[in-house]
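Engineer: Chains as they are written, first to last, in numbering that gives the first Met the number 0: chain H, 0 to 268; chain Y, 0 to 413.
It is possible that part of the hints are untrue.
[Claimed, not checked] Partner residues aside, some chain H positions facing chain Y, computed with beta carbon under 8 angstroms: (1) Leu88; (2) Met90; (3) Gln97; (4) Ala121; (5) Glu128; (6) Val145; (7) Glu241; (8) Ala244.
[Unchecked claim] Listed next, with one range per pair, are the computed distances between beta-carbon atoms: (9) Y:Thr139 x H:Asp98: 49 to 59 angstroms; (10) H:Glu137 x Y:Ser223: 13 to 23 angstroms; (11) Y:Ala52 x H:Glu137: 48 to 58 angstroms; (12) H:His209 x Y:Ile22: 30 to 40 angstroms; (13) H:Met75 x Y:Ala219: 56 to 66 angstroms.
Rather than coming from a laboratory, the hints here were simulated on the basis of the structure.
These numbers were taken from a predicted model, which means no experiment stands behind them.
Just so you know, even glycine gets a beta-carbon here, dropped at the ideal spot from N, CA and C.
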Amino acid sequence: MATSQPTTHAAKGEPILKLRGVSKQFGAVSALTDIDLDINAGEVVALVGDNGAGKSTLVKVLAGVHQPTAGSIEFMGQPVTLDSPGKALEMGIATVFQDLALCENLDVVANLFLGHELKPWALDEVQMEVRAWTLLRELAARIPSVREPIASLSGGQRQTVAIARSLLLDPKIIMLDEPTAALGVAQTAEVLNLIERVRDRGHGVVLISHNMEDVRAVADRIVVLRLGRNNGIFTAETSNSELVAAITGATENAVSRRRARKEELEQPA
Amino acid sequence: MSDPNKPAALDRSDSRVRHDEGIGGAIRAFVDRVRSGDLGMLPVAVGLVLISAVFASLNPVFLAPNNLVNLLFDAAAVGCISLGIVCVLILGEIDLSVGSMSGLASALIGVLWANMGLPVAVAILAALAAGAVMGMIYATLLNRFGMPSFVSTLSGLLALLGMQLYILGPTGSINLSYNSALVKFGQILIMPHWLSLLLAILPGVVMVVNGLSVMRRRAAANLSSPGLSVLLAKAGLLTAALLIAVVYLNQGRGVPYMFGLFVLLVVVMNYLLTRTKWGRSMFAVGGNREAARRSGINVNRIRMSAFMLCSSLAALGGVLASARLATASQQAGTGDVNLNAIAAAVIGGTSLFGGRGSAWSALLGILVIQAISNGLTLLNLSSSLRYMITGAVLAIAVIVDSLARQSRASHGRG
Numbered sequence: 000m001a002t003s004q005p006t007t008h009a010a011k012g013e014p015i016l017k018l019r020g021v022s023k024q025f026g027a028v029s030a031l032t033d034i035d036l037d038i039n040a041g042e043v044v045a046l047v048g049d050n051g052a053g054k055s056t057l058v059k060v061l062a063g064v065h066q067p068t069a070g071s072i073e074f075m076g077q078p079v080t081l082d083s084p085g086k087a088l089e090m091g092i093a094t095v096f097q098d099l100a101l102c103e104n105l106d107v108v109a110n111l112f113l114g115h116e117l118k119p120w121a122l123d124e125v126q127m128e129v130r131a132w133t134l135l136r137e138l139a140a141r142i143p144s145v146r147e148p149i150a151s152l153s154g155g156q157r158q159t160v161a162i163a164r165s166l167l168l169d170p171k172i173i174m175l176d177e178p179t180a181a182l183g184v185a186q187t188a189e190v191l192n193l194i195e196r197v198r199d200r201g202h203g204v205v206l207i208s209h210n211m212e213d214v215r216a217v218a219d220r221i222v223v224l225r226l227g228r229n230n231g232i233f234t235a236e237t238s239n240s241e242l243v244a245a246i247t248g249a250t251e252n253a254v255s256r257r258r259a260r261k262e263e264l265e266q267p268a
Numbered sequence: 000m001s002d003p004n005k006p007a008a009l010d011r012s013d014s015r016v017r018h019d020e021g022i023g024g025a026i027r028a029f030v031d032r033v034r035s036g037d038l039g040m041l042p043v044a045v046g047l048v049l050i051s052a053v054f055a056s057l058n059p060v061f062l063a064p065n066n067l068v069n070l071l072f073d074a075a076a077v078g079c080i081s082l083g084i085v086c087v088l089i090l091g092e093i094d095l096s097v098g099s100m101s102g103l104a105s106a107l108i109g110v111l112w113a114n115m116g117l118p119v120a121v122a123i124l125a126a127l128a129a130g131a132v133m134g135m136i137y138a139t140l141l142n143r144f145g146m147p148s149f150v151s152t153l154s155g156l157l158a159l160l161g162m163q164l165y166i167l168g169p170t171g172s173i174n175l176s177y178n179s180a181l182v183k184f185g186q187i188l189i190m191p192h193w194l195s196l197l198l199a200i201l202p203g204v205v206m207v208v209n210g211l212s213v214m215r216r217r218a219a220a221n222l223s224s225p226g227l228s229v230l231l232a233k234a235g236l237l238t239a240a241l242l243i244a245v246v247y248l249n250q251g252r253g254v255p256y257m258f259g260l261f262v263l264l265v266v267v268m269n270y271l272l273t274r275t276k277w278g279r280s281m282f283a284v285g286g287n288r289e290a291a292r293r294s295g296i297n298v299n300r301i302r303m304s305a306f307m308l309c310s311s312l313a314a315l316g317g318v319l320a321s322a323r324l325a326t327a328s329q330q331a332g333t334g335d336v337n338l339n340a341i342a343a344a345v346i347g348g349t350s351l352f353g354g355r356g357s358a359w360s361a362l363l364g365i366l367v368i369q370a371i372s373n374g375l376t377l378l379n380l381s382s383s384l385r386y387m388i389t390g391a392v393l394a395i396a397v398i399v400d401s402l403a404r405q406s407r408a409s410h411g412r413g
């Protein structure tokens, strides 16, 4: 299993997570085909792609929500199977899902600590509330009260709660699925700051976003998915049009058409 | 208190939130909650007062101390069953077979203890174990095959009833000895007055001691507290209400031990639901199962625990019912037992839609149900009318639950 394939990118830290040939099928539909992905410590990897490119499916595979149909996953050099969300969390892969996965009937504190409550047989509400406030402060979050049910919060506030929750366990990797989609200008900047802070602490960050500006602002590597396959790895210096071309799959068409036109022009000469 | 130099409490830094302080604030917060559809115990309290007033005016015997003592004796068995129903309702599931389960449990008591002569403790344990196994089966059907609990427990209702008739055999009913401890517990054992008075004071004392310690810890952590006056007022009201009730009951026979056991179970269940990780997980699974699963909660195990608890409590209810009636018969657990247990939980404020509820709803709900049943019996009304009225009360309770849910949604309270 442990094929020490040399990574093609200059690693900032040691590799945390390695995916090789991961595929996921839903019945006849291949949501992911033969995906390779490396996530290193202290590095932000952006996953971009069009709708239906398989970004969210890939995140769910890494979060243990879906099991891959084929391929291998290596975590800290050990081959692993992520067969439940609990296991992924335990290993240190925290996820902020696109649908946030919050319990609307519970308050903010209960949601933050869900599944990881302090003192399981006599909940330490005071300590949990203090830690909740501290964490939300660090994120410059504007949550009016942590004792209100999630149902009473706005979309942006819920997003913040979800991000705060993923950071609670000090994970090795944090995956953010469209974290800035519902946020205001200041909160988006806060989340980007936060991503950098998390990276500087040596965590790996996986960021999914449709917003190229956000992606280029923080990503060390930009991995493009198209129709469930790898479609190139770029850096923040890559031009916007190149990225868009890779995402939409227009490259081959445009490039081939150009080349064909050039060749046509050159032939008569 | 309001030292301007002191930094704002950790949870008081947002100026948009109104902070209710003192007794006035507590009352205002309560009114706000009710208006937004977070009714809590309010409907059941109002219902209990209304029902008592109506029945007392129709027949003064209703409020006589000894009638109320009887009412408490009767409430314990179905109350236990209802407590189990609360567990599965919080998950958004249902168990329709609790009546049959209680009937089977009482049949087991009759056969194992009265007929075969096994020790009573062994018979009770066997009944509880049968309940646990049945709950395990329901949970497995749900977890493994995705069989809705509505269907699995409906088939369980019939299967368990069949098993009850089978083990009772052709005789159909087994009488339990009136001299046995179990039947005495179910019919005559009453707490000494000093003990019942002590137990009436205890909750208030625990509330104050616990509240003070929480306040101290919150202050140390720079968090705000609702204030001493609110705590003392709540504890005082509770103690006064309990003392009046107990003193009044002591005018008659007193507080039954069997009812004490039921209240103890409610208190333990309340602790488990509100103060433990298991309870938190229960509400999370009921509120958003997928979110709970992604938080690392083992949803299958939570379901397993809830169904096992529900069926075991139903079995315990059956044991108490057989003790109350001093018989294990084919009629045990049939009729309105099922509906009464479910109605009690819903009337008490546990939502049929999952994610909301409390152990107290079993206690308050069963008092309402039992008051109706007792009052109608006193009026010499036939059981046909009793069924119709109980059915209507359940319908009203579900309508209130539904309306409150819509109101909560529009007020952003989940």
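Engineer: What hints, given by number in increasing order, does this structure fail?
Structural biologist: 2, 3, 7, 8, 9, 12, 13
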